[in-house]
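Once you have looked at the hints, place chain B on chain A.
Take a look at the letters that make up each chain.
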Amino acid sequence: MNEKSPITTTPPKEHRTTGSYVTGFLLSLIFTAIPYYMVVHKTVSGSALLATILLFAVLQMLIQIFFFLHLGRGPKPLYNVIFFVSTVGIILVVVLGSMFIMKNLHYNMSPESTTTKLAQDEGIDQVGGEKTGACSDIGVNHKVIIKNNIASPAHTDAKLCDTLTFINEDDRVREIAFGKHPAHEAYGGELELSVRKGYPKTITLNQTGAQLFFHDHLDPTANGGFSVIK
Amino acid sequence: MADMAEAIESAEISHEAAANDRVMFGFWVYLMTDLLMFAVLFAVYAVLHGNTAGGPGGKELFSQQQALAETLLLLTSSFTCGLGMIAARRGNKSQVLVWFGLTFLLGLAFLGLELREFAEFVREGHTFSANAFMSSFFALVGTHGLHITSGLLWMTITLIYVLKRGLNKHLVRKLALLSLFWHFLDIVWIFIFTIVYLMAFV
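Sequences listed follow chains A and B, in order.
Each residue of the first sequence is one higher than the one before, starting from 1 at the first, in the working numbering.
Each residue of the second sequence is one higher than the one before, starting from 1 at the first, in the working numbering.
Honestly, I wouldn't trust all of these hints.
[Claimed, not checked] The following label-pair restraints were derived from C-beta to C-beta distances:
#, chain 1, residue 1, chain 2, residue 2, range
1, B, A139, A, T208, 28 to 36 angstroms
2, B, N51, A, S45, 20 to 28 angstroms
3, B, E60, A, G97, 28 to 36 angstroms
4, A, S194, B, S63, 52 to 60 angstroms
5, A, I138, B, T149, 54 to 62 angstroms
[To be verified] Partial pick of chain A residues on the chain B-facing surface, computed with a CB cut under 8 angstroms:
#, residue
6, T18
7, F25
8, S28
9, T32
10, P35
11, V39
12, V40
Worth flagging that the hints you see were computed from the coordinates, not collected in a lab.
For each residue, glycine too, the CB sits at the ideal point set by N, CA and C.
For reference, chain A alone in the conformation it holds in the complex:
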């Protein structure tokens, strides 16, 4: 081996000693054992554990970089360090960015369970009159019986998340609309309910209001009101 070879004569390489590797190796063993032990024995839980083992992974990486790769000890200027740091920057953007975006997408586009969650968060929702997302705890059930073109009781006092059932005892079909005739307003996502005899319809009262009305759109003489408070 040529004694003057550039590899052996370039600036001080005292850091490239066995000691540096032994230290690095021992430290990385310790930093593997600790998170492993924590996960197996569940010493802490949930996000605290998650954060801890990620922290140990990063520490482990730093150890490998300094003790094994000797980053930062090369010839100056330290282009490789600059390159490494910018790579880490891009990685963080790519990984955290995709996780963030995909989580958002999942939240907004996923079926059923997420829709319910979304409905609860946003306080909007009335799917098909029966399925309700905005109210996770359903309250008392109120009944409105329409008989001989008269709705009774004429006025119902309810609390938010109570339910209201329309029962039609006449032979004709009732097209229950909300608001005062001829106005036609949506309530809680429902525009109109078709109620036939023997087939009551229930809505969840997921919108508050002191003076709310309903009427039979086909025969407005059958009408009534209700109020929903918090």
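Chain B in isolation, oriented as in the chain A frame:
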């Protein structure tokens, strides 16, 4: 005159050293781009690991002991690789062969464990196409395994050269690049160990 000769020689040395640094830097640039590819695979895994389409998740499939064994094998191989590099810089051929030989065996053992795990998953029907979770798992861990395989191939070829031609500065440089690659794979594995295997049990 002697000063002059020395100056010329040292200029040549620094020229060679500069060329050496350029090669090392070029390889470092490659490693960083490779790291970006792994980052994308990690991102895919992070997004898709919950989508098992009714199949078992990581908690049911992975073995903690197996993951720990693989980690220890790779960590130790990274260490012996470093010791091999010290021997190479000292020009000690037999030590180079011993340490890099050990590195090779440890790497091979790691690969064997990984392939055994893959084979077990496939046998049980948890293939690449079973669900998004398995796809992202095989893509990420499999890519790392492919890197390890090519590293082992590279190591074999370089060691044959060392065996036949002895250590010269070109071979020492090749070994330096190889050890850089090997340490890099070790770092990537640490994140696979943490994010894929350990986090499945959190």
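Structure-based check of each hint:
Under the hint 28 to 36 angstroms, the C-beta atoms of A139 of chain B and T208 of chain A, about 50 angstroms apart, miss the expected range. For N51 of chain B paired with S45 of chain A, a C-beta distance near 24 angstroms keeps the hint of 20 to 28 angstroms intact. Against the hinted window of 28 to 36 angstroms, the Cβ-Cβ separation of E60 of chain B and G97 of chain A comes to about 30 angstroms, which satisfies the hint. S194 of chain A and S63 of chain B have their C-beta atoms about 58 angstroms apart, which keeps the hinted 52 to 60 angstroms range intact.
Distance hint for I138 of chain A and T149 of chain B: a CB-CB separation of about 59 angstroms, consistent with the stated range 54 to 62 angstroms. Taking 8 angstroms as the C-beta cut-off, the interface hint given for T18 of chain A holds, the closest approach to chain B being about 6 angstroms. Hint status for F25 of chain A: holds, given a least beta-carbon distance of 4 angstroms to chain B, under 8 angstroms. Given hint, S28 of chain A at the interface with chain B, holds; its Cβ is 6 angstroms from that chain's nearest Cβ, closer than 8 angstroms.
The interface hint given for T32 of chain A holds, since its Cβ lies 6 angstroms from the closest Cβ of chain B, which is under the 8 angstroms cut-off. Interface restraint check: P35 of chain A against chain B, minimum CB-CB distance 6 angstroms, threshold 8 angstroms, status holds. About 5 angstroms separates the beta-carbon of V39 of chain A from the nearest beta-carbon of chain B, less than 8 angstroms, and the hint is met. Of the supplied interface hints, the one on V40 of chain A holds, with its beta-carbon coming within about 6 angstroms of a beta-carbon of chain B, less than 8 angstroms.
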